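Number of protein chains: 2
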Amino acid sequence: MGASLAGALKKIPAPPFIRGSTPNLHEGEKALKKGLLDEYFPENRQAVEGADWIVIAAPPSVIPSIWEEIAPAVSPNTLMTDLASVKLPLYRQFRERFARTFINYVSSHPMAGRELHGVDAARPDLFRDRLTFLIPFSDPGHETGRDMERFVSFWKSAGCGTHTILDAMEHDRILARISHLPHAISFALLGTLTQNYRERLPHWNWPAQRGGALADLLRISWSSPTLWADILIQNKDAVTETLEDYGRELDELRKHIENGETERLAQLLSAWQEKGQDDIRYGQL
Amino acid sequence: MGASLAGALKKIPAPPFIRGSTPNLHEGEKALKKGLLDEYFPENRQAVEGADWIVIAAPPSVIPSIWEEIAPAVSPNTLMTDLASVKLPLYRQFRERFARTFINYVSSHPMAGRELHGVDAARPDLFRDRLTFLIPFSDPGHETGRDMERFVSFWKSAGCGTHTILDAMEHDRILARISHLPHAISFALLGTLTQNYRERLPHWNWPAQRGGALADLLRISWSSPTLWADILIQNKDAVTETLEDYGRELDELRKHIENGETERLAQLLSAWQEKGQDDIRYGQL
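Going line by line, the protein sequences match chains A and B. Using the numbering used here, read the first sequence as starting at 1 and increasing by one per residue. Using the numbering used here, read the second sequence as starting at 1 and increasing by one per residue.
Just so you know, these hints were derived from the structure itself, not from any lab. Just so you know, these numbers come straight off a predicted model, no measurement behind them. Some hints here could point you the wrong way.
Unchecked claim - Using C-beta positions, here's what the derived DEER-type ranges look like:
hint, chain 1, residue 1, chain 2, residue 2, range
1, A, ASN24, B, ILE280, 23 to 31 Å
2, A, GLU241, B, ARG95, 44 to 52 Å
3, A, ARG219, B, ASP278, 13 to 21 Å
4, B, GLU252, A, ARG248, 15 to 23 Å
Claimed, not checked - Beyond 12 Å from chain B on every Cβ pair, some chain A residues (computed):
hint, residue
5, LYS11
6, PHE17
7, PRO23
8, GLU27
9, PHE41
10, ALA71
11, ASP139
12, GLU149
13, PRO182
14, ALA208
Glycine included, C-beta positions come from ideal geometry on N, C-alpha and C.
Required output: the full structure, derived from the provided sequences and hints.
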């Protein structure tokens, strides 16, 4: 997502000068060649020296060590953000150890993830018309002040259409439902399909037999296992709670199937669709 | 799917003359106007009189009553099929009551469903490069004989790229996994999202906040509730068994999350992806 963001910023009328850093030298060189970066550094600390903006694109559990590494090189006026999918563990560490060092930090989460990653998967239009969550980490003043406006403008430049400002805990509980649950579901579906069914079902060949529905449901099951293990566990409490909510709905559905209650099952599915349509109408207001 | 099939057949070089029937007069008239049908009849029995081919596109539980209705009007040489998503209950009723009446019956299931239905949703390219399952219902001879060739050709004309011949029970157990489980999952996800989260999460607004992942996973949750309640319950045994398989995988994933075992969770996700890649390689052979 870092590479896509660099690509998006390079498309605006007066594009910024972008210095980048990644431990993967090969990726860094590719980003230079593609014009996503103007300068590449193997060390994060070199890349942030004198920067107006710092964007950290890394798995959530890695970010505190990056904060530690760059802290001595960050000037007080620098505007900082990250793109992590889970915020509460970061926020806690931030408040404890970095709140006095980074005084203009608003954490971000644009709803624009994909199952691919790295420079080759970069898409400058990735953020177009997407929503970004903004979570102030520094002391109050960001929510309504001039600084928050700059973060909003930043994401508008990248293409985002709208934003929601909220706290880390609410962010994580919302994300558990709209993103982490779908990923867990999709992974478990892949796990189900890859059982040894061929022994019992001689014509079993899901890749050749799948229709559009299955392809759609499996797309995100190809997401990075290390990144997603990190996300699901960093957001453990909210994800566990959400899996329980989901389990209850699935149980209700299964109960009707087991009891052969066609009409009641149809009513349940209709009720979900009606509530969904209501939510969509509300969501568009 | 019936309307899409009519559209597909109308696109071939020497298109067949198509007589259609549906209890919905309005849909029938639309199909005539769109050129999907040459003649429309409100009664199934009128539509099949003297036909070379009969295709029944109806929810699985409705089909036996259609068989009963049209039986007196079907000639022995007519080739017959249906497009139902569940075959075993149909097959049992067929063997018991219709095997001597319909002697050229091979049930079909093209893997080309969509969440939309009716004449307005018809797409003549719906079957292009899709696989179709073929399930012989009549007495042996169809599997390798001249008649099966005609069913294969029929689906090739409609655009299907390949086919698999198998029995009703295996079809239903495969479909439980590649189609009915994904639908159950998607419905339950919609059920989860439409809970009253707004009371606890003031910024909750999943329709505005969803990324591409959620949109993909929810697409099929808008499928027809009556059709899908019928399918899930007609295939009750296989669907229940499959939901148990899925529940076990989801439990394993949840256990690692609850225990905070990031590395083991990443290994589990990687193992599923590796098996999936193996299956895809095997599936393409």
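Q) Would the least Cβ to Cβ distance between ASP139 (chain A) and chain B come out above 12 Å? A) It holds; ASP139 (chain A) is separated from chain B by about 21 Å at its closest Cβ, greater than 12 Å.
**Q.** PHE17 (chain A) and chain B, when compared Cβ to Cβ, separated by more than 12 Å
**A.** 30 Å, holds
(Q) Confirm or reject: PRO23 (chain A) is not an interface residue toward chain B, with every Cβ-Cβ distance exceeding 12 Å. (A) 18 Å, holds
Q) Against chain B, does ALA71 (chain A) keep a CB gap of more than 12 Å to every residue? A) Since the minimum Cβ distance to chain B is about 25 Å, ALA71 (chain A) lies beyond 12 Å and the statement holds.
Q) Cβ-Cβ distance between ASN24 (chain A) and ILE280 (chain B): within 23 to 31 Å? A) 27 Å, holds
Q: Check the non-interface label on GLU149 (chain A): least C-beta distance to chain B beyond 12 Å or not.
A: Non-interface label on GLU149 (chain A) holds, nearest chain B Cβ at 19 Å vs cutoff 12 Å.
Q: Examine each Cβ of chain B, and state whether all of them lie more than 12 Å from the Cβ of PHE41 (chain A).
A: The assertion about PHE41 (chain A) holds, with a minimum of 28 Å to chain B.
Q. Do the Cβ positions of ARG219 (chain A) and ASP278 (chain B) conform to the proposed distance bound of 13 to 21 Å?
A. At roughly 19 Å between Cβ atoms, ASP278 (chain B) and ARG219 (chain A) fall inside 13 to 21 Å, so the hint holds.
**Q.** Claimed clearance of chain B by GLU27 (chain A), with the beta carbon kept past 12 Å
**A.** Fine: 20 Å to the nearest Cβ keeps GLU27 (chain A) off the interface.
Q) Taking C-beta pairs only, is LYS11 (chain A) more than 12 Å away from all of chain B? A) Since the minimum Cβ distance to chain B is about 20 Å, LYS11 (chain A) lies beyond 12 Å and the statement holds.
(Q) Tell me if the beta carbons of GLU241 (chain A) and ARG95 (chain B) are separated by a distance inside 44 to 52 Å. (A) For ARG95 (chain B) against GLU241 (chain A), whose Cβ atoms are near 49 Å apart, the range 44 to 52 Å holds.
Q) Does the claim that PRO182 (chain A) lies outside the interface with chain B hold up, using a Cβ gap greater than 12 Å? A) Not fine: 5 Å to the nearest Cβ puts PRO182 (chain A) too close to chain B.
Hints 13, 14, counting from the list given before, are not met by this structure.
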